[in-house]
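*Asks:* Please model the complete structure; the sequences and the hints are all you need to start from.
In case you want the letters, here they are:
Protein chains: 2
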Amino acid sequence: MAGTDSTQTPATGGPAIVLIDAQLGENVGTAVRAMWNCGLDELRLVNPREGWLNEKTVATTAGADAILEKTKIYATTEEAVSDLQHIFATTARPRDMEKPVFSPREAAQRMRAAEGSGGKIGILFGPERAGLTNDDVTFAEAIVEVPLNPAFASLNLAQAVLLIGYEWFQAGRVQRAASDASRDGTRPATQAELLDLFRHLEGKLDACGFLRVQEKRPGMVRNIRNIFTRAGLTDREVSTLRGIVTGLTQRKD
Amino acid sequence: MAGTDSTQTPATGGPAIVLIDAQLGENVGTAVRAMWNCGLDELRLVNPREGWLNEKTVATTAGADAILEKTKIYATTEEAVSDLQHIFATTARPRDMEKPVFSPREAAQRMRAAEGSGGKIGILFGPERAGLTNDDVTFAEAIVEVPLNPAFASLNLAQAVLLIGYEWFQAGRVQRAASDASRDGTRPATQAELLDLFRHLEGKLDACGFLRVQEKRPGMVRNIRNIFTRAGLTDREVSTLRGIVTGLTQRKD
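Read top to bottom, the protein sequences are chains A and B.
The numbering used here runs 45 ahead of the 1-based position in the first sequence.
The numbering used here runs 45 ahead of the 1-based position in the second sequence.
Do not take every clue at face value.
It does not matter which identical chain is meant; a pair holds if it fits inside one copy or across any two.
Said to hold, decoys possible - Simulated crosslink set (DMTMM-like; lysine to aspartate or glutamate; CA at most 20 Å straight-line):
hint, residue 1, residue 2
1, Lys101, Glu71
2, Lys261, Glu124
3, Lys261, Asp280
4, Lys101, Asp251
Don't read these hints as lab results, they were simulated from the structure.
*Replies:* Structural data, given as structure tokens:
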């Protein structure tokens with residue numbers, strides 16, 4: 046559908062779109078087009094396939110290629126999300142993880158609320174066929190699942206970006222009440238702060254033998270991290286938890 | 046995103062999708078894929094370009110090609126819509142026409158209501174560049190306009206079909222029991238289990254001196270409890286956290 050009015054001020058801001066292991070330039074390009082349809086302009090790529098930026102990438106943005114110029118590339122998901130405070134993971138198949146599962150509409154409400162209290166948000170998308178790995182999903186405070194025909198729920202990357210961006214855009218058309226009045230003098234913890242906490246705790250759990258069964262360790266670490274990512278910790282709470290870990294492990298001789 | 050569960054009964058029925066003057070087979074194919082994502086299976090083509098049905102058309106449906114087999118072809122829009130009772134026209138640019146203009150969400154509510162009273166519904170989509178002619182729009186009782194970034198509202202055909210089909214699907218969806226799908230073999234912890242965990246932890250924090258400042262103790266206990274009540278812990282997670290507290294406080298002599 047034609048319908049661009051270039052005299053209008055573009056919408057900007059909003060969540061960063063984080064594409065992990067993107068394979069084809071045209072998939073990135075069509076995702077960029079969908080982003081810009083929804084007023085999103087921050088793209089982060091984790092480990093994209095070599096040569097991802099080519100003529101097709103630019104052509105498929107359909108004119109939204111300014112987003113490509115400021116796209117940031119990261120080697121790992123961890124680096125890509127370290128400054129983010131609210132991370133959402135898009136998945137189509139159910140995961141055995143203790144995380145809330147939201148529809149795009151519910152997730153959009155939460156993102157708008159988080160943005161309203163100054164939070165930096167990111168939405169993770171995996172490669173088309175495989176989707177996100179469980180390790181990537183672990184970074185997220187919540188999962189976003191698009192309710193579609195259960196017999197045919199497979200979306201391509203651009204369509205997944207479009208539906209989630211669309212709901213984000215629609216949610217901004219509704220006046221919102223601020224919800225985080227109780228969090229005074231604190232801010233949501235960054236992913237880097239959370240990872241420092243996790244590593245501190247896991248180091249101590251290794252030392253005391255709690256994580257000694259090596260084949261169970263990755264799953265246990267994931268489960269423990271999920272408890273805390275789900276809680277939506279503030280910077281102050283992260284400090285408190287680090288103090289608790291230090292306190293509990295102090296020798297009292 | 047992968048995520049098709051072929052053991053599920055497909056959703057069917059719903060509005061007919063009417064594509065007018067479609068030019069490329071792959072545009073038809075990707076529109077068909079989007080239709081089937083949303084449980085729509087009736088496609089009507091008005092005056093498609095010769096040769097529209099080709100290998101690319103089939104390939105781009107991504108497996109939804111059964112819809113192509115029963116697609117009906119019409120020479121004119123009038124013939125294509127003659128049996129329909131409620132016609133909606135999708136447009137991106139405003140028209141000087143005295144017709145109600147709905148968002149996809151509002152239109153979906155009306156379509157569901159019309160369907161509920163036995164009405165036969167169709168949604169018209171024009172060719173990608175030009176959109177619907179005013180003559181085609183005239184058939185419709187209402188216009189559907191997708192609210193998107195005003196500086197970049199141009200959608201391709203499949204994306205327009207997807208957004209409108211998505212809203213149609215959501216409007217018919219039964220409210221899901223929110224997040225319990227991922228919780229396999231566990232249940233939300235009881236308040237008694239939480240209190241046992243809290244007392245265990247606080248006892249250890251008293252012992253190590255973390256809570257030694259008596260006038261600060263009530264506030265600190267409250268803050269720590271808040272972290273865990275907010276996380277919505279399962280019974281299994283409570284056990285894990287108790288194991289962690291025990292592990293961290295074990296003396297390793």
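*Asks:* Could you run down the list of hints and mark each one as holding or not?
*Replies:* Quick rundown of the hints versus the structure:
1. Lys101 to Glu71: Both: 5 Å inside a chain and 16 Å across chains, each within 20 Å.
2. Lys261 to Glu124: Classified as neither; 25 Å inside a copy, 37 Å across copies.
3. Lys261 to Asp280: between (30 Å within a copy, 19 Å between copies)
4. Lys101 to Asp251: neither (48 Å within a copy, 55 Å between copies)
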